[in-house]
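Those protein sequence lines, which keep their order, are chains A and B.
With numbering that gives the first Met the number 0, the residue at position 36 of the first sequence is 35, and numbering never jumps.
With numbering that gives the first Met the number 0, the residue at position 113 of the second sequence is 112, and numbering never jumps.
Hint data in this document are derived by calculation from the structure and do not stem from the laboratory.
No experiment lies behind these values; they were computed from the predicted model shown.
Among the hints, a few may not be true.
[Claimed, not checked] The calculated EDC-like cross-link candidates involving lysine to aspartate or glutamate, where the alpha carbons are at most 16 Å apart (straight line), are: (1) B:Lys125 with A:Glu53; (2) A:Lys47 with A:Asp107; (3) A:Lys110 with B:Asp18; (4) A:Lys84 with A:Asp114; (5) A:Lys84 with A:Asp107; (6) A:Lys77 with A:Glu53.
[To be verified] Partner residues aside, some chain A positions facing chain B, computed with beta carbon under 8 Å: (7) Val27; (8) Thr31; (9) Gly50; (10) Ser52.
Note that the Cβ used here is the ideal one computed from N, Cα and C, for glycine as well.
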Amino acid sequence: MIIFYSEETGQIIGTIEGRVHDEAQLKVGMTTTGVDPKKVGKIVCHWKIVGESEEIVEKEIVEKYVRNAEGFDEPVLKKIRQKIKRPQVEPDHPQKDIMIALDKNSLDAYKYKVDTKTKKLILK
Amino acid sequence: MSDYGIKITRDGFDVSSSDPLSYVFSSGFNTAAIALQGSANQTGNSGDVKTFTIAHGLSFIPFVLVFVKSSFFGSYWRWCPLLVGSGTDNIGNADQVFNTDIRLDATNLVVRVNLNNGSSDTVTIKYYILNVDI
Numbered sequence: 000m001i002i003f004y005s006e007e008t009g010q011i012i013g014t015i016e017g018r019v020h021d022e023a024q025l026k027v028g029m030t031t032t033g034v035d036p037k038k039v040g041k042i043v044c045h046w047k048i049v050g051e052s053e054e055i056v057e058k059e060i061v062e063k064y065v066r067n068a069e070g071f072d073e074p075v076l077k078k079i080r081q082k083i084k085r086p087q088v089e090p091d092h093p094q095k096d097i098m099i100a101l102d103k104n105s106l107d108a109y110k111y112k113v114d115t116k117t118k119k120l121i122l123k
Numbered sequence: 000m001s002d003y004g005i006k007i008t009r010d011g012f013d014v015s016s017s018d019p020l021s022y023v024f025s026s027g028f029n030t031a032a033i034a035l036q037g038s039a040n041q042t043g044n045s046g047d048v049k050t051f052t053i054a055h056g057l058s059f060i061p062f063v064l065v066f067v068k069s070s071f072f073g074s075y076w077r078w079c080p081l082l083v084g085s086g087t088d089n090i091g092n093a094d095q096v097f098n099t100d101i102r103l104d105a106t107n108l109v110v111r112v113n114l115n116n117g118s119s120d121t122v123t124i125k126y127y128i129l130n131v132d133i
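Given the sequences, and given the hints that come with them, work out the whole structure.
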């Protein structure tokens with residue numbers, strides 16, 4: 000998640016949802032009436048992999064191909080159960096509990112403001 | 000070899016056909032693809048102009064699609080640019096309540112949103128920037 004805020008007042012003006020942000024998203028700018036565009040700060044929170052878990056999942060694979068009457072090879076599918084590894088992720092941010100909550104509903108970000116000295120999120 | 004690439008024909012048509020109308024896809028034709036897409040939201044007071052600046056970095060002026068959502072429209076996404084006025088006669092400059100504006104150049108897509116109905120609101124935009132030079 001990327002949180003845009005006024006560096007003068009700490010007011011949060013906008014957000015971009017997501018757990019991983021590419022270069023294009025990091026270049027997005029936001030401003031609003033009453034906020035100097037040159038004084039808009041950003042809090043960027045990527046998510047990082049902290050471990051992995053195993054689980055059994057069911058998936059379909061192609062067992063073989065059979066030629067049909069039209070001369071095309073059609074796949075014959077088979078269901079299998081397979082053990083996979085799933086990464087465990089969490090926000091790479093000192094306030095990760097807040098970031099986990101905002102990941103579920105980004106609009107809750109507007110209940111906070113940014114402490115202009117510590118750059119931390121605080122409830123309004 | 001001059002004839003190379005990818006061709007997919009419609010069901011029932013021979014892939015060796017040279018009739019473009021039989022194609023679903025051909026690498027020989029310029030196909031519009033999404034170069035960049037994303038979404039963002041802003042909150043603010045009535046009358047605020049909320050500006051989103053997306054640096055697309057394509058070095059040409061691209062075709063874009065932008066949609067906006069606001070509680071003002073209920074559950075609907077609306078296509079930008081958009082001008083909504085009050086009253087029944089709201090085409091043109093009559094009492095603009097909700098405006099969106101798109102500005103494009105070879106560097107940036109700028110989307111501006113203004114809600115002016117006396118209420119604060121959160122607006123969300125979704126943008127799709129295509130690799131097509133307008």
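A quick look at each hint next to the structure:
For a cut-off of 16 Å, the pair hint linking Lys125 (chain B) to Glu53 (chain A) is broken: about 35 Å separates their Cα positions. Taking the CA atoms of Lys47 (chain A) and Asp107 (chain A), the gap is near 22 Å; set against the 16 Å cutoff, the hint is violated. Of the supplied pair hints, the one linking Lys110 (chain A) and Asp18 (chain B) is violated, its CA atoms being roughly 59 Å apart against a limit of 16 Å. The suggested pairing of Lys84 (chain A) with Asp114 (chain A) is violated, with an alpha-carbon distance near 39 Å, which exceeds 16 Å.
With a C-alpha separation of about 32 Å, the suggested pair Lys84 (chain A) and Asp107 (chain A) falls outside the 16 Å cut-off, and the hint is violated. Of the pairs offered as hints, the one joining Lys77 (chain A) and Glu53 (chain A) is violated, with about 22 Å between alpha carbons and a cut-off of 16 Å exceeded. With a cut of 8 Å, the hint placing Val27 (chain A) at the interface with chain B holds, because the nearest CB-to-CB distance is about 5 Å. The interface hint given for Thr31 (chain A) is met, as the beta carbon of that residue sits about 5 Å from the closest beta carbon of chain B, less than 8 Å.
Hint status for Gly50 (chain A): violated, given a least beta-carbon distance of 29 Å to chain B, over 8 Å. Evaluation of the Ser52 (chain A) hint against chain B yields a violated restraint, the C-beta minimum of about 30 Å exceeding 8 Å.
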